[in-house]
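A.B. asks: Residues per chain are reported as follows:
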Amino acid sequence: MPRCDLCGEPAAIFQPVTRRHLCGTHLVRDVEERVRAAVAETGQIRPGDRIAVGLSGGKDSTALLVILSRLLPLLPGASLVAITVDEGIAGYRADTIQAAASLTARLGVEHRLVSFEDLIGSDLDTLLAGREEQACTICGILRKKALADAARTAGATAIATGHNLDDEAQSVLMNAFRGDLPRLLRTTGTGTSADFLPRIKPLATISEKEIAAYLFVQGFFTVLPECPYTKYALRAGVRTLLSDYEYRHPGTMENLVAAKKTIERCCAGAPVMEPLHRCRECGDPCSGDLCQVCRLRHSLLE
Amino acid sequence: MKYPRPWPDRHRDVYAPGMPRSEAIMKVILPDQEVRVLEQAPVTVRDLLNELGIHPLEVIVAKNGVLVPEQALLGRDDEVRIIRIAHGG
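So the sequences go chain by chain: P and C. With the first letter of the first sequence counted as 1, position 113 gets the number 112 in numbering that gives the first Met the number 0; the numbers rise by one all the way through. With the first letter of the second sequence counted as 1, position 89 gets the number 88 in numbering that gives the first Met the number 0; the numbers rise by one all the way through.
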């Protein structure tokens, strides 16, 4: 039986990049310390901040809320509010909403629930009738808007999401495949424009498998259904491709994210990004005449 | 590394619950909750996933309720649960 390299207890996980076995206790410490270091190094959270945590109830956002609630004592005056967006996906979202409500009650964190019905007057299942292949695009646009509006209403100073290392590396690769440099740079973790609440990704250095293991060893892991629209996601193919590379060549995902940061530094000040405009209908910042949400509203009316 | 691959011949040696057991069997609960009783032990988690065609980065594995790494040995009378890591939120 493999043993923890730090204490000799039975190991729960092997970290291929560092080539270490860790027991459950040391895995939890390792993950929390890496998140704490990332938050401190990048200045993502400052004392007095009110952080809106996007809490779907799935594993990533669950881990994010657990870790941030433990880091909070290190940040005087900082507070958390969890926001769950109910897209209206039959047979899927009800379970995760319940999980989110249970978690916030257990951690003593304020919880707010907003829905697509509130935002656009319809649930996602209805919106997608006949256009299921656009599910992730439409859902992504509306979720981002719903979360941003709810965060502002809650008086938040930043929005934290549970994007993990796998997510970040997949995004880099997808944008590289598209040859889309502006979009590659737009996925930056921390927003810089005064028009946007800063968006932070404290789990961006933690792999998906580490997050699942982190929750499992503490009894937080719940088997929840997968979104029925996942099969339409373009990301699915990239995920498989990248997982294969990561398994054969540990560190591939970290290298991709590091490469993106290098590109960001090289492009600092360069006219890569499209200039920011105001949506002529709602006034939200956007890159064209209409923001994506208003464009979507129009397309739904057609 | 061999995944994905067809179900190997030696995994056809599957016993329904309640059937007579051999000396070395283990119960494997797959991500879809299907239960298989396999006559093959000891074997590592990595070997088992490889034989089942399951990508090791897409699951975590618990042996008798305790999380174990890919190098852990699985043996007779062990209950092995393979849990798929759901993506997205």
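Careful: at least some of the hints might be erroneous.
As the list claims (entries may be wrong) - Under the rule of at most 35 Å between Cα atoms (straight-line distance), these lysine-lysine pairs were calculated in the DSBU-like manner:
#1 LYS230(P) / LYS62(C)
#2 LYS260(P) / LYS143(P)
#3 LYS260(P) / LYS62(C)
#4 LYS230(P) / LYS260(P)
As the list claims (entries may be wrong) - Just some of the chain C residues that point at chain P, by a computed CB distance under 10 Å:
#5 VAL34
#6 VAL36
#7 VAL58
#8 PRO68
#9 ALA71
Because the hints were derived from the structure by calculation, they are not lab data. No residue lacks a Cβ here, since even glycine has one placed at the ideal position from N, Cα and C.
A.B. asks: Hints first: check each against the structure and report whether it holds.
C.D. replies: Verification of the hints:
Taking the CA atoms of LYS230(P) and LYS62(C), the gap is near 30 Å; set against the 35 Å cutoff, the hint holds. Our distance criterion of 35 Å between C-alpha atoms is met by LYS260(P) and LYS143(P), whose separation comes to about 23 Å. Restraint check for LYS260(P) and LYS62(C): not satisfied, since their Cα atoms lie roughly 39 Å apart, outside the 35 Å limit. Between LYS230(P) and LYS260(P) the alpha-carbon distance is near 30 Å, which keeps this suggested pair within the 35 Å criterion.
A distance limit of 10 Å between C-beta atoms decides the matter here; for VAL34(C) the minimum to chain P is near 15 Å, and the interface restraint is violated. Hint status for VAL36(C): violated, given a least beta-carbon distance of 21 Å to chain P, over 10 Å. Interface hint status for VAL58(C): upheld, as the beta-carbon distance to the closest one in chain P is roughly 8 Å, under 10 Å. Hint status for PRO68(C): holds, given a least beta-carbon distance of 4 Å to chain P, under 10 Å.
Checking ALA71(C) against chain P: minimum C-beta separation of about 6 Å stays under 10 Å; hint holds.
Going down the numbered hints, you'll see the structure goes against 3, 5, 6, while the others check out.
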